[in-house]
Amino acid sequence: MKTSTKRIGAIAALLGITAGLAGCGGGKTNTVEPGTVNTNTDQTSFNIISGISALSGGYDSNEVLNTMADNAGISITWDTMSDSLTEQVNIRIAGNDLPDAFNAVGFSNYDLTNYGEDGTFIDLTPYITEEYMPNLTKILEEHPDIRAAITMDDGCIYGLPAGEQMGTAGIGKDEDYNIYTIPQYSMINKAWLDALGLQVPTTLDELHDVLKAFKDNDMSATYYGNDPGSTIPMSFGIDQWCWGQNIFYAGFGFTNWTNDICADLLLQPDGTVNFVSDDDNYRAALEYFHNWFAEGLIDQEAFSQTDTQYMAKCSQGEVGVATWWYIEELMGDYADDYVFLPVLAGPDGTYNVTVRDGGGINSGNLSITSACESPINLLKFYDQWYDPENVMQLQYGPIGTYFTEQDENGLWQSISDEEAQQKFGKSAGEVKSEYEVYGPKLILSDYYATTFEMEPRAIERLSDLYDYWMPFVKDTTCYPIDCVYTEDELDTIDKWRVDFENFVAEQEATWLRDGGITDETWNAYKENLNSYGMQELLDTYQAAYDRYVQTAGEAQTATPENAA
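For the sequence shown, counting from 1, position 7 maps to 36 in the numbering used here; every step adds exactly one.
Hints should not be assumed to be uniformly reliable.
Derived pair list, reagent style DSSO-like, types lysine-lysine, alpha-carbon separation capped at 27 Å [claimed, not checked]:
| no. | residue 1 | residue 2 |
| --- | --- | --- |
| 1 | K342 | K219 |
| 2 | K241 | K342 |
| 3 | K219 | K241 |
| 4 | K524 | K503 |
| 5 | K555 | K524 |
| 6 | K167 | K244 |
| 7 | K202 | K503 |
| 8 | K455 | K219 |
No lab work stands behind these hints: they were computed from the structure.
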């Protein structure tokens, strides 16, 4: 991707279309000296490509967004998508068909640096001032760690910060675990178990027998009256965020959560970086679960279905075992029949849940491209996202819809499930999903004390995380998602990462679906991993992590209390 976009930029420069591609910023329309402000304010209509929830009602009629756009004196055409987002973004960038901005498309730090250095994205540093972005400027002055997390190795800022400081400490727990620590909660139809006289499984082998019973007795048809043969014993999406299969790998000693660093990258307790994709227990997991696919116990569409298709199956009472954040949101009218599955022990009787770092700050949610003629006007719109009451509404829904009243301390109170059902015929979670806007939302921990109460679903999820799931976790070591890489490290990652991840993912899917792992094919696969740059990637991630630890230690030493 980096090579193609740089080539496009070079050709355009030769044609005299672009200027100032060296250093920070540059671009095709926004032709100003690096590190300076483009003072043009003529443009008032903007086109933005954005990710969006499959459950969202859309952004064009979103009253919170429209009010903020009116306040900034601009209008926005939203080009939103939930499926094939990455593919479409890559096509637009490679084809030099740029919108004014990309919102919530999930750029990583190395994407930002690459596209910043070749002029696709502009440097936002000179715009983050009291004059243009007073809300964000104030936050960065009070939280210099956030500025550090969004500043790339070349000293530029190519994306606005996003993050949510929501953890179990916010609900009064002794230990603080971020809400994203375990992204997948597994669940099972307890009503089907009871009807069959079966217990909730505690091991993978027990779950296998339960799934077979679900299939053999066609429980979707016999219990709910659905069409004969409609039962799907178990469903998920391969390597998907909150609805993947990865939680079940815990029985083999790992859970390789998908994340924005690199697939199958884990940080060991001793501080060394490892890819599980060449470990013997990884092979054992693929062999084990292939048998489940071969027996028809796992949804054959797990490799291709969208989250919308997945949720439809679950909400129609067809699926016995699934993964998602909330039972109610996934199972709809059948939710009362489901309970959480415990983390299941593997064939050797053990398990290990590796956790994820969900608490970092990222800057991959809003980048302005060189096609934007008047960044000032667009950034005045986005600066409003950093007002506590605005971000509250962007995250959950507008005042008067999701937030109905304030308590004696002025904290906005969210709508209850009962109120939501009475007013909208939906749960509070469904209302949130309909109104939530993806993008550079920064929710600081003090907002829950000054602006709005934590939503009941978040309290529920954090309570479940702390009381039910974290007792299964033996070690909380994880790779930090906000590591900043040097240019050479980015070049190494850019050279190998995509092909490496694709090779691992394709081979994982093939072996899960078709089987065929032998000593010969396994050894050939491991040799191919090195040909796809595994060792170079490991060395790069290790160096970045070591530097991160050193920087964090120096920052801790420099704090006033330690200096004293």
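Taking each numbered hint in turn, which are not upheld by the structure, reported in ascending numerical order? 4, 6
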